[in-house]
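Asks: Working from the sequences, and respecting the hints, build out all of it.
So the sequence lines, in the order shown, correspond to chains A and B.
Numbering that gives the first Met the number 0 numbers the first residue of the first sequence as 0 and each following residue consecutively.
Numbering that gives the first Met the number 0 numbers the first residue of the second sequence as 0 and each following residue consecutively.
Derived pair list, reagent style BS3-like, types lysine-lysine, alpha-carbon separation capped at 27 Å:
{"id": "1", "chain 1": "B", "residue 1": "K63", "chain 2": "A", "residue 2": "K235"}
{"id": "2", "chain 1": "A", "residue 1": "K228", "chain 2": "B", "residue 2": "K63"}
{"id": "3", "chain 1": "A", "residue 1": "K240", "chain 2": "B", "residue 2": "K56"}
{"id": "4", "chain 1": "B", "residue 1": "K63", "chain 2": "A", "residue 2": "K175"}
{"id": "5", "chain 1": "A", "residue 1": "K14", "chain 2": "A", "residue 2": "K152"}
{"id": "6", "chain 1": "A", "residue 1": "K152", "chain 2": "B", "residue 2": "K63"}
{"id": "7", "chain 1": "A", "residue 1": "K62", "chain 2": "B", "residue 2": "K5"}
Since the hints were derived computationally from the structure, they do not count as laboratory data.
Single-letter residue listing:
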Amino acid sequence: MPAPHGGKLINKIIKKQMDTKGLTQFEINTNLSEDIINIANGVFSPLEGFLVENDFENVLNEKRLSDDTPWTIPIILDFNKEDINNIKEGDTILLTNKETGLQALIDIDEIYNYDKETLANKVYKTKKIDHPGVTNVYNMKEQLMGGKISLLKNKKRQYDEYNLTPKETRILFKGKGWREIVAFQTRNPPHIGHEYVQKTALTFVDGLFINPIIGKKKIGDFKDDVILKSYQTLMKHYYLKDRAVMSILRTSMKYAGPREAIHHAIMRKNYGCTHFIVGRDHAGVGNYYGPYDAHDIFNEFPDLRIIPVFFRSFSQCTKCGSVVNDKICPHDQEHHLNFSGKKIREILKEGKIPPEDMMRKEVAETILKYEHPFVE
Amino acid sequence: MKEENKFTTISIPTPLAEKIKKRIKGTGFTSLSSYVTYVLREVLSGIEEEKEEAFSKEDEERVKDRLRSLGYLD
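Replies: Okay, here's the thing in structure tokens:
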């Protein structure tokens, strides 16, 4: 099992009761509160808080923290001066969020300005406002504060029983006797192509870690519950119990393509995984990134210490009679049926079961049990 | 970190430098420095990250109890 990223699994959870009376309070959004929980649980190790300016600049320009540790997505806390009266560097303030019930402290090391266009261009390789990540950047507040955090409280939430921390997954993998673990990240119920990718990778390691991202979704996306239940069905019928586990990850998708692929790999390394599956246009959106940019970026990180498992396109070959990829099938495109998430979704929307070479019948039936499986 | 402090100079034997220059021709490496940085990062991370995270016996048992109660472990 790999050591955590940066060498140490961070734990910033304070268990003893703290007196927060008199502290300035700042209500943050749910995405930021999830960042805090991920820092506190070690998902973002070695980060102990929000980036200070030096690290922020280094992440933008070098894709590394200032101590040279690979890091590609800036984890930053934005605010407007008028939101918080008279705060200054050296202060400790209380961060809160109603939805997650979060209470956390931040010891403010630095308050600094940043340029939204530069941030967007470096992380997303575009300044175009129709990129969802860029939109989020332009909607950010005007200043950043950096400093270490301490998590005091967060409430129980739906799906907590599927939400394991890196410490728990590391103990789980060890308990199962797994030395090599491949992680699969997902935002959708599984179709046959996903199953093929997972099982192909699993063939060469000890265990599979299915790690769906749960959180804010776009209209038309599958609901979180549908994703979880459909994976449970697939695992029950088609996976060995001792070879695959599922746990959720609460974090927002940034759609930063190659940079986000590295970020996703780092989080899975912290969970204890040795391998990470990277598909075509991983974490991409529209045509902003080349289909294999998220593969190529791994060449820049010889020190990442998690092995990327690259998959190119895969499809059903009617001649081979199986799922194939471009390395193993000699037949022309006319024999290939692509796994179109869009097409599967359309069939399900009509209340029909997709063909069995596209999606397992049991999985489709699980989805169709929901009157409204999609976010409306 | 100030721009001028971001890089430092190291000395390597000239024949080795020449060998590297030949080796990186036509590859993605744009300079001797980028190649040496790449190799050193790879070597160093291998040494640094061999230490696996250790948890206390007590911690491990507590976590295992939760994992059993959730059905992750038998």
